[in-house]
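**Q** Spelled out, the chains give:
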Amino acid sequence: MKRLLRDPVACLGFLLVVFAALVAAFAPWLAPYPDDAFDSHLLQRLKPPSAEFPFGTDYLGRDILSRVILGTRNAITVAVSVVLAAMLIGVPMGLVAGWRDNWLSDVLMRVTDVFLAVPQLILALALGQLMAPGLTTAMAALSLTYWPFFARTVYAETRRLRGALFVDALAGLGASPARILLLHVLPNAAPAILVRATIGMGFTILTAAILGFLGVGAAPPSPDWGLAVAEARQHLPESWWFATFPGLAILLLVLGFNLLGDGLRDVADPRLRRSRK
Amino acid sequence: MSDMLASAPEAPSLMTVRDLAVHIPTDAGVARILDGVSFTLPPGGSLGIVGESGCGKSTLLRAILGILPKGARVPQGQVLFQGQDILKTPVRGRIGFIPQDPYLSLNPVFRAGDQLLEGMRNHAPGTRDDHRKKLINLFHAVQLPEPQNALDKYPHQFSGGQRQRLLIAAALACDPDLVVADEPTTALDVTTQREILALLRSLISERNMGLLFVTHDFGVLSSVCEDVAVLYAGRVAEYGPTGNVLADPRHPYTRMLLACHPDRATDLIGIPGTVPAATAQPPGCRFHPRCPISRPNCAVAVPEAVRIFDGSRVACPYHADPLPEVALG
Amino acid sequence: MAEMIGARDLVVELGAERGLFRRRAGVRAVDGVSLSVTAGETFGVVGESGCGKTTLARTLLGLQRESGGEIRLENAVVSGVAPSLARRQRAAVQYVHQDPGAALDPWWRVGATLAEGLRIQGLTNRTEAADRIAETLRAVGLDPAFGERYPHELSGGQQRRIGLARILLLRPKLVILDEPTAGLDLSVQAAVLRLLRDLRDRFGLTYLFISHDLSVVRRVCDQVAVMYLGRIVEQAPAAELFAQPRHPYTRALLGAAPRLDGKAVAPTLRGDPPSLRAIPSGCRFHPRCLHADMSCLEREPVMQPVAAGHSVCCHHWREAA
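From first to last, the protein sequence lines are chains A, B and C. Take 90 as the starting number for the first sequence in my numbering and just add one per residue. Take 3 as the starting number for the second sequence in my numbering and just add one per residue. Take 438 as the starting number for the third sequence in my numbering and just add one per residue.
Hints in this document: simulated from the structure, not taken from any laboratory.
Below, a list of computed lysine to aspartate or glutamate pairs in the EDC-like style, where the Cα atoms sit at most 20 Å apart: (1) B/K155 x B/D131; (2) B/K135 x B/D177; (3) A/K136 x A/D124; (4) C/K700 x B/D265; (5) C/K610 x C/E572; (6) C/K700 x B/D250; (7) C/K700 x B/E228; (8) C/K700 x B/D219; (9) B/K155 x B/D116.
If you want the footprint, here are the derived chain A segments under chain C, 3+ residues with CB under 8 Å: (10) 244-258; (11) 261-270; (12) 273-282.
Heads up, the beta-carbon is just placed ideally off N, CA and C, and yes, glycines get one too.
With the hints as constraints, model all of the structure from the sequences given.
**A** In structure tokens form, the structure reads like this:
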């Protein structure tokens, strides 16, 4: 943690993420017009930024600032649940596959490779067509495409750690594989998983926004950032604020997660830490 | 200890370390890793630097090679190599270095020859072809199998002993006047170690090079070095001809340390306590907290080096006192 | 005297792979080893790196499954079972790693690691576990407060002590010590060896002592077996082996050890040990042996008795003496 604070870039990422999390947690109280998530006011359509509406209003006359704030909660919920679901699938698979060299390990890793080979957006779009398009479908699709990254990471860590002397010593004491994997290998692999999860959050937010933009993610009138950018397309370039502020929110939060993830990786891996300077 | 040299007659020296101190600032305070280390190495001489881990061996080595870590300060002292202070003007190519671990010292993805030739490019006269010929000759000298082809092999194609031969050849490639070796045989088996040491000895004396040999193994020391400096906590505790020091150690630390050697000990005792951290060196004699014959004065005054005979010094005023039986086992 | 552990014609193959996509033959790291360790003694195994001494230890422990031969523990045959079962069966045998610091999980406090061994063995009572840990830490010369530390906060000597405490907690009868003094300073080494001797007397332990440091082996071992390329080439009481080595390899090994007086006592041994993948015909040592003749090239020597408790695996031990 101390080392993380010494790295100004990672600090910036950390601050961005913390800020976004706070905004998400207190969104209904922070937003000047919390009801603008659903209500429309056609009389004040597409007003430019002013003291009353700092980010302007959209094509239904809703306050963009409020919608960006309310959208933060959406974005973070999607990111956290997708990454958690991906972890739930990927981490156990990586542990099991990495522990022994047998047919099961081969099968698991080949399945992982197959999923890794499928482009994430294509699978999400296909799933969106198969099932009803919506946020849940998008989330399912993202989880289904993101778990192989966890499986790969944990697989590599497990293979590295199973050769470690302390694992050998535990086996010598008669510890069961479950005990070794859950109590020893998993905590030692935790930094790598954490880094992967942080970068995955940013990645998921971006992909979820793209899906929203393409119309297979969140559905109107939900205050989704990607959706807002899509809706703003018809009003460009005159109503520049409509697309700019939700887009900026996406950019900042994704950037925040990526900077934090890079910083964490540098802390977790001293070898990388030096070579970056 | 600075007067050690003042009292010694000025003889032609290959390397003279005079009152050298190296301090490294850390989070826990300033680490006084070396404090007033002095010794002289005549041309063609061989000096062993012996001590336990944390005594400052590797920092001394780095100072001599001019590769002190970033942030290290040298508040006092000189390292004179052929009369030139190498702390101010580093010499390149005239000091050969044999590293500790032959497995870690060669990059596995490049041919051995390319790595050695790269090292020679800037420090040895002549063309790349000259260098190749020279290395192949050296490979003959270090008895590497198939010396003609060795340049084109990858490091993993050599065994540990062969790699160490390769690195010895590399150290000699620029015709240095001094070879510095850092525990070159710790990673090897005893049978291989013996061959490598014999080889090193003969190569050095044939070429009349000086040898500075860092080790923690008294057995290795006695088969390679004429003189020895025993380091303790960043200072020279005892200095003299290897045979004399091993047969008749004077400093309480050297006496107790040698009594720990399994070939020597009548009972296994060890030395109570631990080597002090470099950031918390005790005042006065740095060995006094562990010394069975320490007196109140030892905690106050830094012991002056006492001359026992020409070329033999001990940093303990009470070196003639007997140690209690229990301390020697 | 009762036998603690014994082996007959033990063969261990390493590195054989049987995956879905790869298949590879292994090497015989231990090839026909027979030995018998008497209860209460320190049995040394010496040899160069790659001679199979660590593999032998891991097989006796049960972490590595043997491919042939028999292992006896207190006169009961325990070989022929899978490693997971073998470790439960052989709880009386415990192993101390060469680098006990790396054998500790860096995320766990030392005390938690010590308690874990007890939990694996089925002791779940926390107060009893804490008492036993404190008692054992004192036995290895450490303050019980060391349980609060993390592995990286320990010195090399303290790590060895923790490594010992960790297995002593489990009340073993046979302790396999893998290079217990490697990388230790002389003064610390002496203290550790003394501790080992005290613990053996106090807990009635038997040691299998694996080392390449002949000075140490001579100092602490009762019996010594010399291994070369997976075979035992000579075995004798320590005093006799060091005074009258019979096998040319033993003699070269003893002669190569650096001596404090700097004198050389035997001719050097030429070359590096050959690889296990290309084992020489006949006597495995013949390419490096000064006494080798045609018979060494053609016939494999067998163990022959030299004196009581002293046997050697060489055609020419009589002439070469």
